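Just so we're aligned: the sequence shown equals residues 74 to 176 in the numbering used here.
I should point out that these hints are in silico values taken from the structure, not numbers from a laboratory. In this text the structure is predicted, and so the values were computed from the model without any measurement. Glycine included, each C-beta is placed from N, C-alpha and C at the ideal position. Misleading hints may appear alongside valid ones.
Cβ-Cβ distance ranges computed for the label pairs, FRET-style [unchecked claim]:
{"#": "1", "residue 1": "ALA88", "residue 2": "VAL164", "range": "13 to 21 Å"}
{"#": "2", "residue 1": "GLN153", "residue 2": "ASP82", "range": "36 to 44 Å"}
{"#": "3", "residue 1": "PRO176", "residue 2": "SER114", "range": "22 to 30 Å"}
{"#": "4", "residue 1": "SER81", "residue 2": "ALA134", "range": "42 to 50 Å"}
{"#": "5", "residue 1": "ASP103", "residue 2": "LEU163", "range": "26 to 34 Å"}
{"#": "6", "residue 1": "SER143", "residue 2": "ILE173", "range": "14 to 22 Å"}
{"#": "7", "residue 1": "ASP82", "residue 2": "PRO154", "range": "35 to 43 Å"}
{"#": "8", "residue 1": "ASP99", "residue 2": "THR152", "range": "20 to 28 Å"}
{"#": "9", "residue 1": "PRO83", "residue 2": "ASP156", "range": "28 to 36 Å"}
{"#": "10", "residue 1": "GLU98", "residue 2": "GLY123", "range": "16 to 24 Å"}
{"#": "11", "residue 1": "ASP155", "residue 2": "LEU122", "range": "19 to 27 Å"}
{"#": "12", "residue 1": "VAL164", "residue 2": "GLY102", "range": "21 to 29 Å"}
The calculated DSSO-like cross-link candidates involving lysine-lysine, where the alpha carbons are at most 27 Å apart (straight line), are [what the hints assert, rightly or not]:
{"#": "13", "residue 1": "LYS145", "residue 2": "LYS131"}
{"#": "14", "residue 1": "LYS145", "residue 2": "LYS162"}
{"#": "15", "residue 1": "LYS150", "residue 2": "LYS131"}
{"#": "16", "residue 1": "LYS162", "residue 2": "LYS144"}
{"#": "17", "residue 1": "LYS162", "residue 2": "LYS131"}
{"#": "18", "residue 1": "LYS144", "residue 2": "LYS131"}
{"#": "19", "residue 1": "LYS150", "residue 2": "LYS162"}
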Amino acid sequence: MRDKLPTSDPVISEARFLLDRGQIEDISGDEMRRAISITWSQARRLLLLGTVTRLYTKYPAEGLYLGTRSKKVYFTKVTQPDDLWDLTKLVDPCGVYISIVEP
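Model the full assembly from the supplied sequences, consistent with the hints where possible.
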């Protein structure tokens, strides 16, 4: 699949794209300092919208950073920690689109 030979199979083409896009960078300390505070309800909607590409959390109840496709970073307090993992599994069941960092 990593061969660069042309293919007409859309599944192989898309899989190649996912493999080639590389590791998504973690949310930096600078991004964390500049993060925009939002409510958990807003964060849930961003996750469901499919705009979140990076999550950084040590303890979800203490805070969660969300990096988005627009390169903005948001911060929220998760009021329902189980809900966070249920949402990420729903939106990204294979763990391909959302990079999750739990230091």
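Against the structure, the hints come out as follows:
For ALA88 and VAL164, the hinted distance range of 13 to 21 Å is satisfied, since their beta carbons lie about 19 Å from each other. For the hinted restraint 36 to 44 Å between GLN153 and ASP82, the CB-CB distance of approximately 41 Å keeps it satisfied. Taking the beta carbon of each, PRO176 and SER114 are about 26 Å apart, inside 22 to 30 Å as hinted. A beta carbon spacing of about 49 Å between SER81 and ALA134 agrees with the range 42 to 50 Å that was offered as a hint.
A hinted range of 26 to 34 Å holds for the C-beta pair ASP103 and LEU163, which are about 31 Å apart. Distance hint for SER143 and ILE173: a CB-CB separation of about 19 Å, consistent with the stated range 14 to 22 Å. Take ASP82 and PRO154: their Cβ atoms lie about 40 Å apart, and the range 35 to 43 Å holds. The hinted range of 20 to 28 Å is satisfied by ASP99 and THR152, whose Cβ atoms lie roughly 24 Å apart.
The given range of 28 to 36 Å is respected by PRO83 and ASP156, whose C-beta atoms sit roughly 34 Å from each other. The hint said 16 to 24 Å for the Cβ distance between GLU98 and GLY123, and at roughly 19 Å that hint holds. Between ASP155 and LEU122 the CB atoms are about 20 Å apart, so this pair conforms to the stated range of 19 to 27 Å. Restraint check, VAL164 to GLY102: a C-beta distance of roughly 26 Å satisfies the suggested window 21 to 29 Å.
Distance check on the hinted pair: LYS145 and LYS131 sit about 20 Å apart at the alpha-carbon level, within 27 Å; holds. Distance hint between LYS145 and LYS162 is fulfilled; the C-alpha atoms sit about 22 Å from each other, no more than 27 Å. About 12 Å separates the Cα atoms of LYS150 and LYS131, which keeps this hinted pair within 27 Å; it holds. Taken as a hint, the LYS162 and LYS144 pair is honoured in the structure, with Cα atoms around 22 Å apart against an allowance of 27 Å.
Between LYS162 and LYS131 the alpha-carbon distance is near 18 Å, which keeps this suggested pair within the 27 Å criterion. Taking the CA atoms of LYS144 and LYS131, the gap is near 21 Å; set against the 27 Å cutoff, the hint holds. For the hint pairing LYS150 with LYS162, the CA-to-CA distance comes to about 19 Å; that is within 27 Å, so the pair holds.
Checked against the numbered hints given earlier, the structure satisfies every one of them.
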